[in-house]
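Visitor: Protein sequence lines, in the order shown, are assigned to chains A and B.
All residue numbers for the first sequence refer to this note's numbering, where the first residue is 1 and numbers rise by one.
All residue numbers for the second sequence refer to this note's numbering, where the first residue is 1 and numbers rise by one.
Any given hint could turn out to be false.
[As the list claims (entries may be wrong)] No more than 20 Å apart at the CA atoms, straight line, and that leaves these computed lysine to aspartate or glutamate pairs for DMTMM-like:
hint : chain 1 : residue 1 : chain 2 : residue 2
1    : B       : K45       : A       : E350
2    : B       : K45       : A       : E105
3    : A       : K381      : A       : E307
[Claimed, not checked] Partial pick of chain A residues on the chain B-facing surface, computed with a CB cut under 8 Å:
hint : residue
4    : V74
5    : M281
6    : L284
Calculated from the structure, these hints are not laboratory results.
The beta-carbon is built from N, C-alpha and C at its ideal position, and this holds for glycine as well.
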Amino acid sequence: MSPLDWIVLLGTLGFIVSYGVWKTRGSKDIEGYLKGDNSMKWWSIGLSVMATQASAITFLSTPGQAYEDGMRFVQFYFGLPIAMVIISITVIPIFYRLKVYTAYEFLENRFDLKTRSLAAFLFLVQRGLAAGITIYAPAIILSTMLGWSLTVTNLLIGMLVIVYTVSGGTRAVSVTQKQQMAVMMGGMIVAGIMVVRYLPDHVSFGDAVNVAGKMGKMNVVDFSFDWDDRYNFWSGITGGLFLALSYFGTDQSQVARYLGGRSIAESRLGLLFNGLLKIPMQFLILFIGVMVFVFYQFNQPPAFFNEAAKNKVYATPYGEELRGLESEYAGVFEQKQEAVQDLVTALKAEDAGAIAAAQRQVNTYTAVGKQVREQVKGVIKKAVPEAETRDTDYVFISFVMKYLPAGLVGLLLAVIFSAAMSSTASELNALASTTVIDIYKRSVKQDGSPIHYVKASKLFTAGWGGIAILFATYASLLDNLIQAVNIIGSIFYGTILGIFLVAFYFKRIKGNAVFYAALLAEAVVLYCYYFTDIAFLWFNVIGCLGVILFGFILQGLIGKKKKELVA
Amino acid sequence: MKDTRPAVEETPIGKPPFFKRWAGMYWLVLGNLAFLILLFYLLTKLYA
């Protein structure tokens, strides 16, 4: 990285952290620290909600996912706008009416303490793990780039977030998220413009989209139904709806964002703002990934995008074999490049026969290239068994580091760090508020002073930060980072959502029934995860419907037993 | 058994911008979703 990149990166991060600490210093009570004194306007809530969901993983993994798999991941978000409407109508007025600090307080009001504690516990487990991955994602990049140890980079990122989150609580999270969103969106738009500008002169933007389409990357919507297919219209609109309902309606890291609003109207507008803009934002990020893919049809891509892993292999006896495969891959690329040029010429001429012929050739070379890449991964695995052979998370950052000019590299790294900080800050803030409000203040120390609970919240924020850093240090790349977070979420979210749906809509079901129904439903989800091939998005549906179904059955049995006892 | 918990206050909900009722805002969000799905479907068909 050039000195200019360091200035941009450190200047951006330093300014955001200092501004957050300075602007939000001196919260004296729990209302101010955990709810930001209910002072947020709708646009602030909307940006905060979007920044919380958009982690570094979003900006690292999503373009890589589009590079590998095309645009179809956008379908994952189809259920989100519907969820925003449902939550605005039903959930927000209830939370405001009860003046709750956390979503789980409502459960004690509706059921009992044990159901509240169970939901809070499930949240703490899954969000605690997710916070670790949120820190880990940018940490691996920095460690790869600078050759630092992962522990040091995890510590640096985690500590930076802990500083302003501990200092200013919820308001610090929201204040900094506005600037972080500006950096993220600005940086990604600049990256999108640059990648299109770097295409060869004779390839227009339209040609680039056409080439992407002919190579199967413009697969935005797929209406075919398949239980095992992770991303199609049906899994997105149903599984995605359940996941979004659960995430935005019951996950404290999001609930805290809109509970800090000035009024119900401001909170509703904030969520609806997210419902309008989330899909276009994800489309843009995926589309940048597709443009990077097109860019690499005219420029030699590396046979493996994780340079650090390759460097380790060069130092082993397998180094020569790897170099051989890399030159073979370069040879295949040269042949493919000619076929891609033919495809562009045929597309410009609108010659259907020539397009089909060129497309066949491109597909053949793409398949050969994929085979060579698989061999490369095999060699890496043999040489360095602990190395991760999925390199999609490195596609975008590798492009940024290699091709963007000085200054912009720093800006794009600031995008990734801002995203990591914004979501981690929300997570730590939510973990602390749930621990303090639902466990400490409710079951451990009920008679503390306001300042005592502020101090406890600060302590728990720092504590959860420490746990997240520890988990990040020991996390390894699971499948793909963004999917790892979504899988962890899907394992727990369905059950939590089920508890809340029963609370809102099934008044017949009482505390005992819903508590044991939730335990049974979670067991079913864990069985599905470990012993079946069901796509993870469906876990949300299974967990949620499981709680409702078991709840009805158990309530029936409990009711019957009570009648017998009375008789 | 009688519910002895204190009654919760009814919080007034303000009007949304641009529309007279909240239903207008909700239809805007859902209409935007429908428009995007249609647009994405056309993109998929056009570039397949």
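Visitor: Please work out if K45/B and E105/A have their alpha carbons no farther apart than 20 Å.
Guide: violated, 48 Å
Visitor: Tell me if M281/A is really an interface residue toward chain B, meaning its C-beta lies closer than 8 Å to one of theirs.
Guide: At about 12 Å, which exceeds the 8 Å cut-off, the nearest Cβ of chain B leaves the hint on M281/A violated.
Visitor: Keeping to a limit of 20 Å between CA atoms, is the pair of K381/A and E307/A held or broken?
Guide: The given pair, whose Cα atoms are some 14 Å apart, holds under the 20 Å limit.
Visitor: Are the Cα atoms of K45/B and E350/A separated by 20 Å or less?
Guide: holds, 17 Å
Visitor: At a threshold of 8 Å, is the proposed contact between V74/A and chain B supported by beta-carbon distances?
Guide: holds, 7 Å
Visitor: Answer holds if the nearest beta-carbon of chain B is closer than 8 Å to that of L284/A; otherwise answer violated.
Guide: Nearest chain B Cβ about 12 Å off; hint violated.
Checked against the numbered hints given earlier, the structure breaks hints 2, 5 and 6 and satisfies all the rest.
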